[in-house]
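K.L.:
Protein chains in written order, with the UniProt record's numbering: chain A, 1 to 148; chain B, 1 to 759; chain C, 1 to 455; chain D, 1 to 122.
One or more hints might be untrue.
To be verified - Label-pair distances were calculated between CB atoms; the ranges are:
hint, chain 1, residue 1, chain 2, residue 2, range
1, C, Q56, B, G190, 53 to 61 Å
2, C, W436, A, A87, 37 to 45 Å
3, A, I19, B, A716, 24 to 32 Å
Everything labelled a hint here was simulated from the structure, so no lab data went into it.
Glycine included, each C-beta is placed from N, C-alpha and C at the ideal position.
For reference, the chains in residue letters:
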Amino acid sequence: MISFVPPLSRLLLWPSLIIALSLWMKGGASVGGGFPAGALAGLAVLLQYVTAGRDQARRFVAVRYAAPLAGVGLLLVVGTAFLPVVAGYAPMSLFPRPDQPEIGVGGLHLHTALIFEGGLMLIVFGLVVTVIDRFALRTGGEEEESGP
Amino acid sequence: MPILLPILLALACAPLAYVAGRWRTGAAAWMGALGSLAALGALAWEWTLGPGRLVLPWAPSWGLSLEFTRDGLSGLYSAMALGVGALVVLYSRAYMPHHLHEEGRPARDEVRFQGLILAFMAAMVLLVTVDDLLLLFVALDLTTIISYLLIGFDREDPESRAAALLSLVLTGATSVVFFAGAMTLGLHYGTFSLPLVIERAAHDPASTGALVCLAVGALGKSAQVPFHFWLPRAMAAPTPVSSYLHSAAMVAAGVFLLQRLYPLFAPATGVRDGLLAIGFVSMGMGSLMALVADPFKRVLAYSTIAQYGYALVLVALGSEGAPLYVAIHAPCKAALFLTAGAVTQVTGKKKLSEVGGLRHSLPVLAGASAVAAAGLSALPLTAGFFKDEVFFHALAQRGPAFMAAGLVGAGLTLAYTLRLWWGLFGGPRRDVPAAPRLLVAPVAVLAGTILLGGVLPGLLVAPARAAAAAMRGEPSTLELAYHLDARAENLLAVGAWVLGALLFATRRAWTPALSRVLEGTSRFGPERGYRLLLHLLDRLSTWLHEKEVRDLRDRVASVMVPTGLLGLAVLGVTPLRDRFKVGTVGWADVTLVMALAFASAAALATLRAKGHLRLVLLISCVGFSLAMVFAFAAAPDVALTSVLVETTFTLLFAGLLALLPPDRLQHAQEEAQKPRGRDRLAAGVAGASAFLLSWSALSHLQADRVGARTVELAKAAHSPNVVAAVLTDFRGLDTVGEMTVVVAALLGVTSLLRLKGRR
Amino acid sequence: MPLWGPLLLPWVLGVVLAFLDGRRAWVAWLAIAGLAGTLGCMVWLLPQSWGAQAPQFISGDWPVGVGIRLRADQLSIVFALVSTAVLLGTLVYEHVAGGITSRSFPALVVFLGAGLTGVFFTSDAFNFYVFFELAMTAAFALASYGERPRHLRAAFTFVVVNLMGSTLFLTAVVMLYLTTGTLDMLSIIAWGQAGEPYALLVPGTLLLCAFGVKLGFFPFHFWAPAVYRDAGPTVAALLAGALANIGSYGLLRFGVDVMPQVMAQARPLLEILGATSILYGTVLALSRRDTREVLAYASISHAGLIIAALGLNGREGLCAAVALALAGSVDKTALFLAQDRGGERARRAYSVAAFSTAGVPPTAGFWAKAWLLRAALEQGHTLLAGLVVLASTLSLLALFRAYQREPWLREGAALHRGTGAVVYALSLALIVIGLWPEPLLRAGRDAIQGLGTLP
Amino acid sequence: MNLIASLAVGLLFACGVRMVLERELVRVACGTVLITNSSVLLILAGSFPERGEALSVEQGWPVTDPVLQSLALTAIVIGFAVSALLLTLVHRTQRAHGSLRTDRLVEAELKRVHAAEKGEGR
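Can you make the complete structure from the sequences, with help from the hints?
P.N.:
This is the structure:
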């Protein structure tokens, strides 16, 4: 049992991440979006923590810098929301505007909502992974806090 | 504009003195005295300009303006406050270093003290000059605040702290009552401007309630029965404070208010009769207490209560001598207080029984204070004679009973004044070191003023008439002169002297009995009532605090149960109670209902779950069932998200359980499931309310919701998935906010579970 | 200045600060500068709010209701100004008092500021909830600041009880949407004027309870003494000074503006709750030994005053509520900060703020209380007027008992110059407003001008 | 359907409150999760009567109110974030007090209160 679970989970990691990415990209058209994508990616990493342990999981850059990643995500989100004001639009104006034509490559529509959703994904991923990481770090007894 | 000059000069005194004090400690007092004398000079110059008013814009929203007046009343009281203030500040230059040394405080604190005295002086000048009900209250509370700081100046001394607090609370409380009265009047007459209020009150007399409120404020300040007991306690303050606040300034403020507002009180005979009674009671009580008190400052404090009782009687009778009475009393009392302070500094004693025979060592002080004492007890050739003359004059018009009361009162005054002076200076000779000159000079100056007023009474007539005219709103015909005939005033005065002398001569016979009687009655006095009330409130407070909710559970229940009950009540009493719709359940709904049932069953099972792991699994079971519900409710986005969230959450919970020490978990588990009856009840109330409130809300669904518009607009937003369009576009701001919440939570988590070490 | 300015600035700044280590001095100064900038933006916005048309925008320029409307009328801007100023003062205090001990403190304070600004500016019920949660979550994270056991205890109580309040609020907002079909406040007002008077009663009740928890009046206040006592002094100042404003603002916005018909029916209840809170708070404050507890109970009685003012019929009561909330916010911040370390300057600041809380002139609190008294007397409500007088007296006693009891009185511990400056500035503001009350009176009068349908 | 949905909401809420009133930190946290779940259920219950195809923009199809869905999503996410914070707080609180029981918190608090009440004296 122990012998084949870690490789299997490592094997599962990449497909999960790809599914997460597709959830993100397809969010505008069908079920999905940044939030489930981030949660799914977080779950994939969580699996690594459970099976391979913290040190193994932290091989990935994205895991080590999960918390800053969430910050970057928030910057993306806030930026998408408020950058249009520089050009004189109302906040939360997404491009292309309702009266502008869509720009699309095949089934994929390019829309600033994608950046927005990407930010969402990073934030959720960052939260999940950071909490897991901190919990994993704390597991294994520590001294008690004391004092009044 | 010249009206402002004395006020501005008075206001500038404290900062100037402070600055001077920074340069050299001793300079502060001289600077302050100089400033107040300048203000006094400005006042005198202004006096020559005749009456006037000044209105400056202040708060137009409330129709308020800064209104100042220059009339007899403000002139007389300002002169009193400034003159005595200057002398007291100088006196404190000699007094405070010694006092501070005894208290073990740095000599620099003297500057702070003098600054406070001068600030008080400014507040007092402001109080007597303003001509607006709200401003009157503002200035009144300014004096309260500064007096708190002054009385509690010796902050190491618990007694003086307690005295300061008592005076703050008592004068603060009564002045709030005053404010309520002022507000009532202001609202009733539509203005706070005093001349307008008085003018309108002429046709439409003020309500008794409002007048009583105003009177309470004045009585509290002037230390009249039943609010008198803060004054003797306040004697814990340094002597310059007592001699200023409790002779010429703070206590005068109360009677001043009544004089300023006299036109309002004039038609209300009932209120005036009440004030009259209070005046007589204060007079009698104060005089009797002054006859037996031992610490000499206390004698003076009780005497102040009694003397302001006289002033109150005069105001209540509407006598034109009322302002004059206060103005003459002030220098006499201030001089005696200053004498008391000087004696304490020289001898280190504070009680009459411990001193005596000082007339040889302190001849100037003894002489000057003898003049002040003579003034206080209204002997001829001092200004004091005229204060009793106007008093007797007013009483004589009311009838023999009043005359008798006045005679007894004046007799008692002479008796306790003699007792005080004799107790300090009379008796067998005792030698003490000489007093510093600056300690004696202010007393001498005050004594000189009193003599001057007594010898040349004509000087007093003009200010007294002006003040009386300002008080009563009609020209005054007050006459001050010595008449060597058998008119009632003279007879009463002679009678009072005889009575006083007799009482003084026979003092050993009645003092012990009187003190026993007074001690007995003090058990039922208002002070006792105040303490009892406070004690009861304290006990109530502690009892409530002990009973108060402390448990987290009760804190939660205290939110949930009232909300639940309120919700039930709302549904119970309004027409909403008849409007519940059961709704239909078709075949298509079966899966949904089953999923809901599953979620409910899992939720119920969590209550019975023993182990933590089982609990967590059941919680996630609830979550997954709900995700199923959402899926069946055609909300796949929500369903997907909630599946993922539930999964993550279950794992996080499991991670938490792994973090917690197993023995602690075990222990907590054993203890946990002992629910109290009221917990069940609370949950029941909350659940029932949640059920009925949601049912009511679901029964009132609005068919035409914004949701429909978003569906129409989704195409314009280039997003086939309407939910995504709402999330990222239409209500994108919500999503940005929500993501910021996530990041804030993340920050919280990272700071709670830090990577390296603790703290 | 466009409306989004004061919102965007703390938001972006918060994100940037989240990356940085808040214990460094320059980071703290950056946060301080950012909050000061926000304050400047708001001041800039002030004349526009007083203009004929309050500045507003709709997110993405979508039609009303579909997009989210943000709007800054006078009520919003005065609350935003005072809350941001209080946050700024607290942040400066914590920084100069000896340094921030947590990495995320400045970022969280700035996020709290962003949340509060959003709450005050938004004109959409659900967006209100989101910003409310942003402020609450930042406060949850801040509550454990200091991380001693008692801080953690306070944080736990705070989080659990306030989660209940948030849930109530969320439920109320959803019910509003289900009943009226829109989330835009102005549309809800229009709906309410046309619709049946009882329909909004259920969400109204839940909102009252939710804001009751935030503001902390009887019987929703039981968490407050424990949290204010056990949390760090800066945190207590933040919670009592800034966060509680959500409660008073929410009651004004939702009660007076959005659902005046519900408010009309809730008046008797508000009066009873207000009177009870006033009595309860003042009596309990009277003989507490712990200064923080005195302050906690004093703030409960202050919340009662606000509620009682709202319960009064007519304009003046509402004006009084606004003035009480604004003055109380500064009062409480000054009190909590001043009692922290002692020293001569802090003592003076404490006494000024205590006089203001008790309603003694010349302080801002006096005008607020005077307004309440005025409103009560105008309505012929002598009982409430008497209660106000009693509360003033007893809180004066309670606050000054604490003042005299504290060891600071005897020791006069040396205080850092900077912290003294902060508490001085706060108390100076109270005195300046006391001497020249026009800004407060104008704010109170105009803030309720644009609200709903007033009698 | 209204009745059933609101019954489920009420039941979840009651269970949540009951759990929050337990004497143990983990259960308190579980209770808040249940309460959040109940409010999310209420949000979507509003769209039960007209529920349909969420993703279709084609004319004539019934559509589940997308605004309600997005409100539910936002509520779920916020609830998740706050619960994560609460879980870490549970961990820290139990470490600080050496127990998972709320009574210990009360004891510690009372100890402090009584120390303050007695310590200063009159």
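K.L.:
Evaluate each hint against the coordinates.
P.N.:
Structure-based check of all given hints:
Range check, Q56 (chain C) to G190 (chain B): about 38 Å between beta-carbon atoms, so the 53 to 61 Å window is missed. At roughly 43 Å, the beta-carbon separation of W436 (chain C) and A87 (chain A) lies within the given 37 to 45 Å, and the hint holds. The beta-carbon spacing between I19 (chain A) and A716 (chain B), approximately 30 Å, falls within the hinted interval of 24 to 32 Å.
Of the numbered hints listed earlier, the single one contradicted by the structure is hint 1.
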